[in-house]
Each structure stands twice: as structure tokens, then as C-alpha cells.
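Peer 1: Those sequence lines, one after another, are chains B and W. Here full-length UniProt numbering is used: the first residue of the first sequence is 1, the next is one more, and so on. Here full-length UniProt numbering is used: the first residue of the second sequence is 1, the next is one more, and so on.
Just so you know, these hints were derived from the structure itself, not from any lab. Be aware that a few hints might be false.
[Unchecked claim] Calculated Cβ distances over 10 Å to all of chain W for the following chain B residues:
1. Asp51
2. Glu165
3. His195
4. Trp256
5. Asp300
6. Gln316
[To be verified] Calculated cross-link-like contacts (lysine-lysine; reagent style DSS-like; alpha-carbon spacing at most 27 Å):
7. B:Lys272 / B:Lys170
8. W:Lys91 / W:Lys78
9. B:Lys274 / W:Lys186
10. W:Lys186 / B:Lys79
[Claimed, not checked] A few chain B positions that, by computed beta-carbon distances, are all more than 12 Å from chain W:
11. Arg42
12. His60
13. Ser71
14. Asp80
15. Lys91
16. Ile118
17. Gly187
18. Asn188
19. Val209
20. Leu233
21. Arg254
Beta carbons are placed, not taken as given, at the ideal position from N, Cα and C, and that holds for glycine.
2 protein chains.
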Amino acid sequence: MLKKIAVDAMGGDNSPEVEVAGAVGACRRWGCQVILVGDTPRVQQELAKHDIGGLHIELHHASDVISMHDSPSAVRRKKDSSIRVAFDLVKSGSATAVVSAGNSGAIMAAGMLVCGRINGVERPAIGTSLPNLNDQTMVLDMGANVDCKPSHLYQFALMGSLYVEHHLGKSRPRVGLLSNGAEEKKGNELTREAHLLLKEAPLNYGGYVEGGDVYNGSVDVVVCDGFVGNVLLKVSEGLAVAIGTMLKREIENRFWARVGYLLSRPAFNSFKNKINPAEYGGAPLLGIAGAGIVCHGSSDPVAMSIAIRQAGEYAQSGFFERLATVFQQ
Amino acid sequence: MLKKIAVDAMGGDNSPEVEVAGAVGACRRWGCQVILVGDTPRVQQELAKHDIGGLHIELHHASDVISMHDSPSAVRRKKDSSIRVAFDLVKSGSATAVVSAGNSGAIMAAGMLVCGRINGVERPAIGTSLPNLNDQTMVLDMGANVDCKPSHLYQFALMGSLYVEHHLGKSRPRVGLLSNGAEEKKGNELTREAHLLLKEAPLNYGGYVEGGDVYNGSVDVVVCDGFVGNVLLKVSEGLAVAIGTMLKREIENRFWARVGYLLSRPAFNSFKNKINPAEYGGAPLLGIAGAGIVCHGSSDPVAMSIAIRQAGEYAQSGFFERLATVFQQ
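So here's chain B without its partners, still in its complex pose (with noise of 0.2 Å):
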């Protein structure tokens, strides 16, 4: 069975060496085989630091780049970057799915130009997987789709659910639509549209959540449109990140806080682990007619190999023929 990954050696923050590593490390552990595309002189420089005896990597050269800083739609007009490049491979055949910790646009942009989208689906999404305090939650949308329509956040349920089932291995997630109350009366002109086709839709869905709902395990998939799912998004990551800075300001100003913060760091390390965005993977791409996962920016090898593992798996779970069959209902 092919089961070939491309990974666009170029896009993160930093690239390739993140990607080479992570490449390395997804063949090692799960015996994964990759195709690292991007500017094969600097590539085999970072490969040249690793053993990879044994190991079924290629190489692919591409000689653009999509930056962070470039719009979605540079990828028209640089068909040799390697996010497009990458995606070639799966339209072609060679490639099974694609990863990439480049600009989220792009990538979106590159599937869409290159493998179209799935028929049927209105808008394709990204969906970004939160811990919460059983498990974790699949938000959808955090992509580009900032102004949607009530069958965009329709359609965007039905492909989390497929995802986390298929996936995940959850059957029937249970689904909610992020709104600013749970009464049926709260929501705004697009949440209470979308809100009565989720109630005639084919899913386990429970009305609307709130903000709260996100991190407290009571639903699996959080649907809500581009604008809101980024928000949320940041607003996560940069609570977490000013709780842990004040906590720590506290800790640094008393002797015996520091000493007890070392008794526990056990328990802090082990929380920070179960709250690392690398265990959750990448975010995969929903609606395109082939398998994308983004990474963050900022992956570290660990995250890009878990993520390469997941795209394998996603390409292979039955997801796109599910998804397929629903969306020609």
C-alpha cells in the first residue's frame, strides 16, 4: 500500500532542519516513508547530520518558497514552492498525503489549487484539536473562512464528526455549535441559521456550547466560523502563556515557593506534556480532495513526526470515502 508522506521541507520557522528531523524520527519510530520536499542542497546538508540507514527517505527538490509573510495566493504563482510541489505528489500518485508547518493559507490555497476540493463541499476547513480535561476537543473552522454562511459551518460540522470518528476512533462525537449562550434564543444571525440545519443534520448534535465547552470535555467537536476559531485559538495560547509567566513571577519572589516548585516540577512537566500541542498533532486539512495536516510554525521534530504519522493514517482511515459518500447525498 503506498504510504508515502511529502513533507515541505521549507515552510516553518524553522526549516529544514525541524522537518528533516522529524522526518527522521517518523521513519525510525512507525517506520514511516517521506519524500522531503524543498531545496535538496540544504536538505542533504541537514540529513548529512543524521543516520538514516535503513530508513525510506527521498528527496524532492523545489526550488521556491512560500513565506509566512506571503498571501495565499502566491502559490498561483510559485508552482515550484514547496508546499505546491508537495501537494504535485499526491495529485500525481507518488505521495499519499502532505505535511507542512508553513503558512496555513497557503497550504489551504495549494490543496485547493492543486487537489480541488471534495464535491459537494462549499468551503474546505482546518480543524485544530484542544486538550480538555477528559481528552480532546476538534475545533473547526480555524482556518481562512472568516465570513461564512450557515451551510459553510453545516458542512464543516459533519467533516469534524467524520474526522474525529474516523480518526479518533470515536463513534457518534458529539457536536456543538460555539455560541455566546446555550439557550436556543442566544447566537447571532449566522449561528441561529446554521443552528436549525444542524438540528435536521445526520450527526450527534447537541445545539450550542460555549466558550467554556471548549476545554471541559463535553462535546468533541466545536464548530464556529474562521474569525471566532482563531480568536479562540490565541486567546488560548496566550492565557496559558500569561498564567504560566504570572505563576512563575509569584514562585521567583519567595524562597520557599521555589523550593516547592522544584518538589513538583514532576507534576508540572507531566501537565505541560499533556497539554503540548505536538501530542494533538497537526491540524488536518477538511474538504480537499487529498490528505493535508498543518503544523504550527513553531513545531519542534517531535510534533513534525507525529504529525507525519497522522497524515499517514488520515489518508488511509476511510475518511475521504466516508466524506465523500455524505457530501453526494
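The hints should help you fit chain W onto chain B, whose structure is shown.
Peer 2: Just chain W now, with coordinates in the frame of chain B:
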């Protein structure tokens, strides 16, 4: 000078116990003058538990209550509800401001109905102060304005900036418009138009900010619609609770971490006090022609007394005169 604050004694989750204790605290600590508005026998029963010698506390009867489950429009029907009567006291000049821990939509509706809007204000807003790394950030709207026009966001920015200037004593508060990225090309239809208006505003406006900027201290005022504001607040509360719960689990599982926690406890307690919402006071109604402060439904007596002091300062800060001048231009 008139200093009486009308306190809605019936609105909160623990009414009238918390309101009465908060009023007693505010009168004793800061010499406030309070009118407790609500079911007089119940309020008297609570008052009997306190020593109120020398304190200026009056009672004013109101036979009805608006519950958390009532819709804001219930204030039209419930003419003798405690929140509506509290605003009646401001309108008639018997009180200078209102404090309530009740249904925020109903508090806003009662303020609108009884006192009306300040001339020129299209939509009143609710502003909430959140702790940041250095100080605090005011986020608005946290109220019921879920579907906003660009001019509404523009006015929220003016009102939020004036409040921070007058009430928190900051000159030229830094104002940011919440978006899904800092670059000008980001944002949704609403923020892009509001951004154009704000660039021309008589404000210290720095353009788009992201969710993370709410907590890093880079701005004093963050403007968004009430839907996004609610999500931001609820996500923050939910994440803070989840972090606390997860960390507690990790600590409780380890003997030495439990010992360490005991040693570090003063640091944790100091941290908790710094992020305690009570310390930041209640949320002002902005744009209503009468001073109103909304408290969290689950406020404790300390939060309530701080809000009562805040309400008096709000009414007398010169904010209303300045706002009237700015909006007449």
C-alpha cells in the same frame, strides 16, 4: 454631593445575602451610601445579621425579580422588578448609580428603558476588565450586541477609551481592534470596515490585535462584537479552570509534588488574588445615560463591595460629560 448607590439586591445567584454583605462592606470600608432595592422583608432579614450602626444603608421595596432565565424584554413587563426600580432611582435623582449581579441583558435593557442612551450612541456596550501581564485590559462589547455594524465597533472604541482614561487614569489608552491576524489584509467584513473608521478616530488606535494581545499587556482597550467578546470571556474562564483542574490532578498523584504545593501555596494564592475578577470590579454599562455596573452572577461580598465603590466613582468621574461632548461632535 449625591453619592447614593442603588444596589439591585435580588439579581445574583446568591441574593440578597451577597448584596447585603457587599453593601455593608462598601459602607464600612469606604463610607459609601447604599439603597438596597428588592424584597424588603428578605433584605431586612439579611441586614439583621450585620452590625450596621453608623452606616448609611436605606431599603427600597421592589416586589418583582428578573431571573437569569428571563429574556431582557422582561423588564418592560416587570415594572416593579428590582433592577428596573434601581434605575428608576437614578432617573429620579435619588441615586447616582446602579449595581447588579443579575441577568446582564436585562440590566442593559432596564438601563436603556429607564435612562435611555446618551445622545449619539447607537448601541450601548458592556466593558469587562481582564488581568494582563502588567495591569488590565478592557474588552468590549461583552454584552448583547451580537450582530454589529462597523459604526458600532467605532463607538465601542471611543467609549472604552474614555472609560479607561477617566476611571483608570490612563492617558491616551492604546486601543486595538480584535482580528484574526495583525496585518491589515486580515479581518472579516465587519472589522475591515471598522478599521477604516478607527484609523480616522481621535484615539490612540494601533490597528488590529490578536487574541493573545488581550493578556500580554500590549493594549489597554480591545474592541470586538458582543458574540466574539462572549466567546473570548468564556473560553478564558474555561481554560483557566481546566488548567487548574489538570494541574491539581498531576500534583495530587505525587507525594513530593503535594509537599511542594504546600510550600508554594502563598505564591499560588497571591497569583489567584491577582487574577481574581473581583479585583477588577464589575463591568460598566457604556452609552446609557446613567451609571450602571454589572457584576458576575456568582460574585462574593468582596466583589460586590468593590463594584459599589466603583459605581460611585464611575458616576462622578466626568466620563458622562466627556462622552456627551464627544458624541455631540
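Peer 1: Taking the hints in turn, state whether each one holds.
Peer 2: Verification of the supplied hints:
1. Taking the minimum C-beta to C-beta distance to chain W, about 36 Å, the non-interface status of B:Asp51 holds against the 10 Å cut.
2. Every Cβ of chain W is farther than 10 Å from the Cβ of B:Glu165; the closest lies at roughly 24 Å, confirming the non-interface assignment.
3. With a least beta-carbon separation of about 13 Å from chain W, B:His195 lies farther than 10 Å from that chain, consistent with its non-interface assignment.
4. Against chain W, the non-interface label of B:Trp256 is violated: not every CB pair exceeds 10 Å, the least being about 5 Å.
5. The Cβ of B:Asp300 sits about 20 Å from the closest Cβ of chain W, beyond the 10 Å cut-off, so the non-interface label holds.
6. For B:Gln316, the requirement that its beta carbon stay farther than 10 Å from each beta carbon of chain W is met, with the minimum near 32 Å.
7. Simply put, B:Lys272 and B:Lys170 have alpha-carbon atoms about 25 Å apart, close enough for the 27 Å limit, and the pair holds.
8. With a CA separation close to 17 Å, the supplied pair W:Lys91 and W:Lys78 stays within the 27 Å bound.
9. Distance restraint check for B:Lys274 and W:Lys186: the Cα-Cα separation of roughly 32 Å exceeds the 27 Å cut-off, and the hinted pair is therefore not satisfied.
10. Straight-line distance between C-alpha atoms of W:Lys186 and B:Lys79 comes to about 24 Å, which keeps the hinted pair within the 27 Å bound.
11. The claim that B:Arg42 is not at the interface with chain W holds, since no C-beta of that chain comes within 12 Å of its own (minimum 28 Å).
12. A cut-off of 12 Å between C-beta atoms confirms that B:His60 is not in contact with chain W; the least separation is 31 Å.
13. Distance to chain W contradicts B:Ser71 as a non-interface residue, since its nearest Cβ pair spans about 7 Å, not more than 12 Å.
14. No Cβ of chain W comes within 12 Å of the Cβ of B:Asp80; the nearest lies about 25 Å off, and the non-interface call holds.
15. Annotated as non-interface, B:Lys91 keeps its C-beta farther than 12 Å from every C-beta of chain W; the closest such distance is 28 Å.
16. A cut-off of 12 Å between C-beta atoms confirms that B:Ile118 is not in contact with chain W; the least separation is 25 Å.
17. Residue placement check: B:Gly187 does not keep its beta carbon more than 12 Å from all beta carbons of chain W (closest about 7 Å).
18. Taking the minimum C-beta to C-beta distance to chain W, about 4 Å, the non-interface status of B:Asn188 is violated against the 12 Å cut.
19. Here B:Val209 does not stay apart from chain W, with its beta-carbon only about 9 Å from theirs, under the 12 Å limit.
20. With a minimum CB-CB distance of about 7 Å to chain W, B:Leu233 fails to clear the 12 Å threshold, and the non-interface call is violated.
21. For B:Arg254, the requirement that its beta carbon stay farther than 12 Å from each beta carbon of chain W is not met, with the minimum near 5 Å.
Consistency with the previously given hints fails for numbers 4, 9, 13, 17, 18, 19, 20 and 21, ordered from lowest to highest.
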